[in-house]
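Construct the complete structure from the given sequences, taking the supplied hints into account.
Each protein sequence line maps, in turn, to chains R and G.
full-length UniProt numbering applies: residue 1 is where the first sequence begins, and numbers increase by one.
full-length UniProt numbering applies: residue 1 is where the second sequence begins, and numbers increase by one.
Some clues are possibly wrong.
Covered stretches of chain R (in silico footprint by chain G; criterion: 3 or more residues with CB under 8 Å from a CB of chain G, positions within the stretch not fixed) [what the hints assert, rightly or not]: (1) 64-76; (2) 185-196.
Pairwise CB distance ranges (calculated) [as the list claims (entries may be wrong)]: (3) G56(G) x H94(R): 39 to 47 Å; (4) H15(G) x E102(R): 36 to 44 Å; (5) E13(G) x D41(R): 40 to 48 Å; (6) E70(R) x P97(G): 30 to 38 Å; (7) G179(R) x T16(G): 40 to 48 Å; (8) F81(R) x G101(G): 39 to 47 Å; (9) Q37(G) x Y51(R): 25 to 33 Å; (10) D41(R) x D141(G): 42 to 50 Å; (11) T14(G) x E66(R): 26 to 34 Å; (12) A74(R) x E59(G): 37 to 45 Å; (13) H15(G) x K45(R): 43 to 51 Å; (14) R189(G) x P77(R): 23 to 31 Å.
Since the hints were derived computationally from the structure, they do not count as laboratory data.
Using N, Cα and C, we set each Cβ at its ideal position, and we do this for glycine too.
Number of protein chains: 2
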Amino acid sequence: MSDQGPFASAPNETHTQIMRATYEALRKHGYSELTIQRIGDEFPKSKSLIYQHYDGKDELLVAFLEFLLERFRADVPTEEFDDAREHLETIIDHGLPESLGEEDEAFTTAVEALRGQAPHDETYREQYARINEFYRERTADVIHRGIEQGVFREVDPEQAAGFIVATIHGARSQRVSTGDHEPVLAARRELEEYVRTRLLVEENR
Amino acid sequence: MSDQGPFASAPNETHTQIMRATYEALRKHGYSELTIQRIGDEFPKSKSLIYQHYDGKDELLVAFLEFLLERFRADVPTEEFDDAREHLETIIDHGLPESLGEEDEAFTTAVEALRGQAPHDETYREQYARINEFYRERTADVIHRGIEQGVFREVDPEQAAGFIVATIHGARSQRVSTGDHEPVLAARRELEEYVRTRLLVEENR
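Structural data, given as structure tokens:
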């Protein structure tokens, strides 16, 4: 999560304000207690504007999920790194930071609050599948480049990336559902060992 | 998940029947649409019995979560294995099976449906923390034994176990939120490689 949080762009635009209000209401009340009324309480303009934009809570939440996941995409480290190993370590550091900022925790909480609904809603599943795919492909590209550079061994880049992304997701999910940062730290340290023993070619370890 | 599913013991006992009704209602409607009315629709006895046992939905769901997590505990492979490597592989195979049975998927869906509420409810967080701790400790014991047996290298058993449990949870969560089994297969295969390259002592690889 960047320092400006997920609402940095056009903060006064109505769509962004509705998204921010949804985020605040979800953060305060959780998914099961979320109502348009409570979203309206966090919205600086007239509540009727929310209804002008969305037919109801379900439509609003799908738009919100799309908004969150776009922010997530924009936030995965993609700057050009010359060294694939350094790039992969940055992805791991970004996903499993030594400490989780308040904004980052609130963001993860919001993404995870809606995930439980996915098995019952295809639109949600598509959103989670899209972001999963994006994160995995981005990571697989880095591993693929590392193999070309002779830094990484000839592993299956898709499989290794799927594994790394599952671990990062799992530890973050445990973090927000147990309130304990330890799962993130254990996963981070051991993922570094995985990179060293499984991915790096012998002479680079 | 064992073949009998989570309701094998005393299936006609009222408490088990309420738990089963909650499970069925949650499976059909998801968390956000869950009501006592809908739980009552799945319950073979009078709905008033549910109110005799629980003050409301929240109390019922906490009892349900406890019930699920007890079943989860009972299901983690704990039989005595002579070989720590074989035991660890059984834990991985159990957590990340080649294919997910219908019962196992429904069970995971139910556990994950309630997880999103955890950041907002300390009782939920405690339940998720308990099961996380149980799973991690059980796995750490196996790794510890493998080190003693000279099968595994001298890694930090707690850290390695935390990593394995985070990966298993992450892949299962991705499985039910995307509807795609591929994350489980990728995590399974690469976790086997992790065991080989990171845990096993050189002469056993």
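Here's how the hints hold up against the structure:
no., hint, in the structure
1, 64-76, "violated (count 0)"
2, 185-196, "holds (count 7)"
3, G56(G) x H94(R): 39 to 47 Å, "41 Å, holds"
4, H15(G) x E102(R): 36 to 44 Å, "40 Å, holds"
5, E13(G) x D41(R): 40 to 48 Å, "44 Å, holds"
6, E70(R) x P97(G): 30 to 38 Å, "34 Å, holds"
7, G179(R) x T16(G): 40 to 48 Å, "30 Å, violated"
8, F81(R) x G101(G): 39 to 47 Å, "42 Å, holds"
9, Q37(G) x Y51(R): 25 to 33 Å, "27 Å, holds"
10, D41(R) x D141(G): 42 to 50 Å, "49 Å, holds"
11, T14(G) x E66(R): 26 to 34 Å, "44 Å, violated"
12, A74(R) x E59(G): 37 to 45 Å, "41 Å, holds"
13, H15(G) x K45(R): 43 to 51 Å, "49 Å, holds"
14, R189(G) x P77(R): 23 to 31 Å, "26 Å, holds"
In summary, the numbered hints that this structure violates are 1, 7 and 11.
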